[in-house]
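Dock chains B, C and D against the given chain A, drawing on the hints supplied.
Number of protein chains: 4
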Amino acid sequence: MTKNVSRRTLGIGLIGSGFMGKAHALAFRTVGGVFPLAAEPRLEILADISADKAARAAYELGFARFTAQWERLVLDPAVDIVAITTPNRQHAPMALAAIAAGKHVYCEKPLATSLEDARAMTEAAERAGVVTQVGFNYLRNPMVHTAKEIIASGEIGDIIGFSGQYIAGFMGTPEGSWSWRFQPEEAGGALADIGSHLISMSRYLLGEVASVCAGLDTVYPTRTSSDGQSHRVGIDDQAAILARFQDHPFTATLFTSWVATGREMGLSFDVTGSKGALRFTQERLNELELFKSGQAANRRGFTRLTASPAYPPYGAFTPGAGHQLGFNDLKVIEVRNLIDAVCGVAPAETPFRDALRTAMVMEAVRDSSRTRQWMDVPAQ
Amino acid sequence: MTKNVSRRTLGIGLIGSGFMGKAHALAFRTVGGVFPLAAEPRLEILADISADKAARAAYELGFARFTAQWERLVLDPAVDIVAITTPNRQHAPMALAAIAAGKHVYCEKPLATSLEDARAMTEAAERAGVVTQVGFNYLRNPMVHTAKEIIASGEIGDIIGFSGQYIAGFMGTPEGSWSWRFQPEEAGGALADIGSHLISMSRYLLGEVASVCAGLDTVYPTRTSSDGQSHRVGIDDQAAILARFQDHPFTATLFTSWVATGREMGLSFDVTGSKGALRFTQERLNELELFKSGQAANRRGFTRLTASPAYPPYGAFTPGAGHQLGFNDLKVIEVRNLIDAVCGVAPAETPFRDALRTAMVMEAVRDSSRTRQWMDVPAQ
Amino acid sequence: MTKNVSRRTLGIGLIGSGFMGKAHALAFRTVGGVFPLAAEPRLEILADISADKAARAAYELGFARFTAQWERLVLDPAVDIVAITTPNRQHAPMALAAIAAGKHVYCEKPLATSLEDARAMTEAAERAGVVTQVGFNYLRNPMVHTAKEIIASGEIGDIIGFSGQYIAGFMGTPEGSWSWRFQPEEAGGALADIGSHLISMSRYLLGEVASVCAGLDTVYPTRTSSDGQSHRVGIDDQAAILARFQDHPFTATLFTSWVATGREMGLSFDVTGSKGALRFTQERLNELELFKSGQAANRRGFTRLTASPAYPPYGAFTPGAGHQLGFNDLKVIEVRNLIDAVCGVAPAETPFRDALRTAMVMEAVRDSSRTRQWMDVPAQ
Amino acid sequence: MTKNVSRRTLGIGLIGSGFMGKAHALAFRTVGGVFPLAAEPRLEILADISADKAARAAYELGFARFTAQWERLVLDPAVDIVAITTPNRQHAPMALAAIAAGKHVYCEKPLATSLEDARAMTEAAERAGVVTQVGFNYLRNPMVHTAKEIIASGEIGDIIGFSGQYIAGFMGTPEGSWSWRFQPEEAGGALADIGSHLISMSRYLLGEVASVCAGLDTVYPTRTSSDGQSHRVGIDDQAAILARFQDHPFTATLFTSWVATGREMGLSFDVTGSKGALRFTQERLNELELFKSGQAANRRGFTRLTASPAYPPYGAFTPGAGHQLGFNDLKVIEVRNLIDAVCGVAPAETPFRDALRTAMVMEAVRDSSRTRQWMDVPAQ
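Residue numbers (the UniProt record's numbering), protein chains in the order written: chain A, 1 to 380; chain B, 1 to 380; chain C, 1 to 380; chain D, 1 to 380.
In isolation and in its complexed conformation, chain A is listed as follows (with noise of 0.2 Å):
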């Protein structure tokens, strides 16, 4: 005789079906059965801008209904919560009529196009209680909250250097390039659109930003479009940034690129302590090199550490250690994060309020930019 099983569920209503979107897709499918959760997701309707394109991807991602107006999504009662994986500009309006319907949200970076957006939904959400998150998935990689761990126990020492960069060549090619991607009303270069991995990665790891100076450059000031029509660009190619932080006495190098031909996923960070040393790549993204004084002169160097149970949650995904997380496991632990913090079992680990300070980062970078001056970057 066989038996039945039973659980309680939380209604997924995904906005977008792109990369984001079916990376949200996978996670919610997955994670019930990679951890043990409060309440499992259930992939409830799909919207996306026509009803053919919302129905196919509903098909193909595993949704039971679809819609092509996320305005309905957002008020259906079976939702509990709205994950947004549109072009930037819709994050505002969807995410604010989202907590309007008392609905949590889980939103993609960047969190919005302007400091205001960001500061509006941000002040929306906290006050309609709901649970905020947004897709900083990176932070989730159990290699880096490692390096977070042993930066703050002081087990490197006191932290006197970092350098960071998230390099990537996908927008390297100017022909035929052009989308809504390089306008500045619609989105925000290379640095709202990767460069905010990397300020959330130095936030995370070292704490609040204090200053900065920066050059941002227009590496392509013109692209075309498929039609083969030249556009002028107007955002940022590349940010080369000095930043010092509040906790730190030293001054750090950033380095954010969409135009760093041959690199997919250069994302890494460098880390210096009195006691030791980091040194991270997403490249590699199973492992974390760790050097540690005090040791004999001819025994030591960088450790290489590398993913396995001994770094929580791997061993959720697989006893195997050295057998490897991927990418959309990173999405998994993100979204593991979101339902803990929906069912009050633990804090959203990057809520709106997070993304706010990390866009409030970026806004001085821009201002520093254009003043040539060093900015401060305001407390609040």
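Read the hints as simulated data drawn from the structure, not as lab findings. This structure is a prediction, so every number in the text was calculated from the model and none was measured. Among these hints, one or two may not hold up.
Unchecked claim - As a list, the in silico DSS-like pairs of lysine-lysine whose alpha-carbon atoms are at most 30 Å apart:
(1) C/53 to B/275
(2) C/53 to C/148
(3) A/275 to D/275
(4) B/148 to B/275
(5) A/148 to A/275
(6) D/148 to D/275
Unchecked claim - Rough simulated footprint, nothing fancy, chain C against chain A, three-plus residues with beta-carbon under 8 Å:
(7) 162-169
(8) 213-226
Each residue gets a CB set at the ideal place from its N, CA and C atoms; glycine is no exception.
Leaving out everything else, chains B, C and D in the frame of chain A:
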């Protein structure tokens, strides 16, 4: 207004809920969101050795029903595919029962604990016309598939050298490690447990093995159980092998060990062709190193290829180049192939027949070590 | 019967016998066996601060004579080239005396402790028509030279990004480390000591620096001497720099530190072109990574070029590809260039004039850090 | 006033001025500046096959005299040490003549082209009481020496696994490559040419080899000479070997090839102990990877040790950690040992007796390949 979505499904019955049981369950959950499938898996029944264990696992992994009697699962009309992830000795009776019930069978490696069982399982499945697949998941890696294509196409010329290893340290501590895995009637040592992956990968890349000369060693002849009792070990801890392939005129070296201190996932190969070379290690599963002759002397070297949508089916997981797949994703690809085979869309890639050939090589390795002679691998 | 061999020689006078003194001596001993030279160096006189020290060093390093008075060495008629490897503050008086005596001068970096001295030395040498060279040995690496050629030839397109570092940890322990190197009138901190290498390499690869914005930090504001006494540090431990080049339209990041725990030789750069990229680290000085656009998507990646006779003048050291050069070999190449310049065969590659330009960049970096402003680097 | 310096010297007679001839000459020139020596080498006579060639080489490499008759060099009273870098077949007659003249002998590997010659040379040298040394320079690497110490001290427990390779591609193009190296009476193929390094290193690390089972393959059975004529190849291009050591209870794998496309210096080993592991490749000769058990699960991994003064005699070359040694520096260390042995300061590290034992292993490898049997290596 929102619309509903419907799908055809295949009922999955999973026996065993340990390391590989969870990997199977996750793959079945996820696969339909990653790939377009002719039918979506439905997590129907989970069987384990006790009702409690089965109930908990069914709840955690997302199965609709559970049972402590695998014989019921095998006969259940809602089950289309039986997935076997139990200790090695049980593979044969479970698979034979499933085949007898007309079910398709997805079995973990090694196929069986004796060559006779492996042969019987293969022949029964072929007579019954059911689809079978054995879990040689490392072959499903897009980078490994690329290596195979490069070899097969002649892109690196005639193959003139091969070294392969699978070394790991998970059995490296004799204290407290005694289990069924060290009894020859239950299991087959490092050779069967992980060497089977090495041999299947060598065959995948280079074709059939013609003859072998090998030394099997039991590095730790006694091990203690958790109660401190000492037990005599009856199996190999490592195997060093010379191998000749049917289609290649050179002697290869293969080495496998599960007592290799410090290594976690050391499945690697080094292929030399007359016009190029390839290097791979599962420790960095998203990378493949390629050397091609014919470049200028000051512009040549090994090129590090990194996983991206250019290596199908990577793009089904994410359009982001360099974002990386993890171990569980390889299982998703494996399960996709299984479902395609069950639906008649594609042939199974490592059916029982293929696993039987790997078992025949292992048998020749054992014979060679015992007799200290080169042994031919029988053609059939 | 055996026959005799004769050669033309150049007398070498070496001042200082520490780290760099020995490196100079070894290079002069070895160079004639590696390269065909118009004249062979002859180790004529070694000067150090005491007769005992000079005698011992002369014996160990193979000089024919020794002296405790460098002024005698400078005036000795058998000396053709004066090599200066003393503490930074002595470079200027020694070089000026040597120039006044009509000697060619080979001086370690940094050229001087003030911009005025550096300028005076440069102008004196140019007026006197003697050959000068400054020890920026890392530029002599065949792999770095290849990087420069790849950049200059347009092989990787327009240069659109650059990050450079020189981080090392040799000053990372404040206890017992106090020396002349921490007094601003004697030395120039990490920026002068190793940052000068970073700036000279950046200029070597990309041309002149137009403007900089920088933050210099003294990580350890006090250090103790070997007797336990505490001293106030007057120089920088690290420098974070944004830089713009005259011929390139982007902002680069540079970072140098001599308190970078765990790093030994972290001189590295990362160059992005519109059609390719380069990566190098002195930690693996025999390697250079090159990415070229225009390959098939599934056959591209960074290619690891490795030192061989295909990268002149490597072949002068050994015809064996992959055999590798060491640090002292870079000094041999430097000295070859010096002798070629003295013999009129080739121009000196980093004469005082070039080192002066590096010093001008360092001065702008210091000014920028003090004023918290972007600073232009004067054209002359 | 300057003072004079004087020294005791040893006259060097070098036969051959190719690849290794130049390496010897450079080492003899340099060694006295690197190490304090009881006597300094004096480049006395160079012999080569013609007077022209000898004259040019003597001039380029810095010898005082030259000759076209090596017999004169061997008998010259100013010669204390005869260095032999000629084709393999000439090693025996030259060494025997030098020994008969009472000279110390420094001979390149392989010692001879037959085991009988090797034995005769060894016995003649021991009877004559002269110092001998064979050029197994890779053993002189401080990092390899550290590996040996770690193994010998028990720091990584009992040794339970070993894989070694020496693969390179310098014979990978059959067209135009025909030379004396492919005739069995003149040379010994890949096994003798580079496999001798692999075997000597395996013996250096693990002690004597007890038995072997091997397959030798001639990948390219014909090669053409530069005039286009085709020649039948009589030697091996690669060798795959199983080996058991006298003092260790496991089967090791060894592989050597000189047709390994794309590899330049692939001499590497992988040692597993019950409490740790070591990895080394000559491709990065300044690095050694070490794993030690007994660390916390989330702080362990392979540590990359990098060459520095903590690994003697590195510091004699430079006090700068991480500055790196090159191939020629290994020869300098070798020659230091030779001179120390000649001066009675230290025993020679790889005398003829040691090279004879390596030759005996190679003989057993050849016998095993021919008979397809395991072969014992004779104890004497």
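Task: Pairwise hint evaluation, residue 275 of chain A against residue 148 of chain A, where the allowed Cα distance is 30 Å at most - done: Distance ~15 Å between residue 148 of chain A and residue 275 of chain A Cα, so the pair holds.
Open item on the list: Please verify whether residue 148 of chain D and residue 275 of chain D have alpha carbons no more than 30 Å apart.
Closed with: holds (15 Å)
Open item on the list: When I compare C-beta atoms, does the segment 162-169 of chain A have three or more residues closer than 8 Å to chain C?
Closed with: Coverage by chain C holds here, the residue count being 3 at a Cβ distance below 8 Å.
Task: 30 Å limit on alpha-carbon distance, applied to hinted pair residue 53 of chain C and residue 275 of chain B - done: Outside the cut-off at roughly 58 Å; violated.
Task: Given coverage of the segment 213-226 of chain A by chain C, checked by CB-CB distance under 8 Å (3 or more) - done: holds (count 6)
Open item on the list: Please verify whether residue 53 of chain C and residue 148 of chain C have alpha carbons no more than 30 Å apart.
Closed with: violated (41 Å)
Task: residue 148 of chain B paired with residue 275 of chain B [C-alpha distance capped at 30 Å] - done: holds (15 Å)
Task: Given hint residue 275 of chain D paired with residue 275 of chain A - CA-CA distance at most 30 Å - done: The given pair, whose Cα atoms are some 27 Å apart, holds under the 30 Å limit.
The structure shown violates the earlier hints numbered 1, 2.
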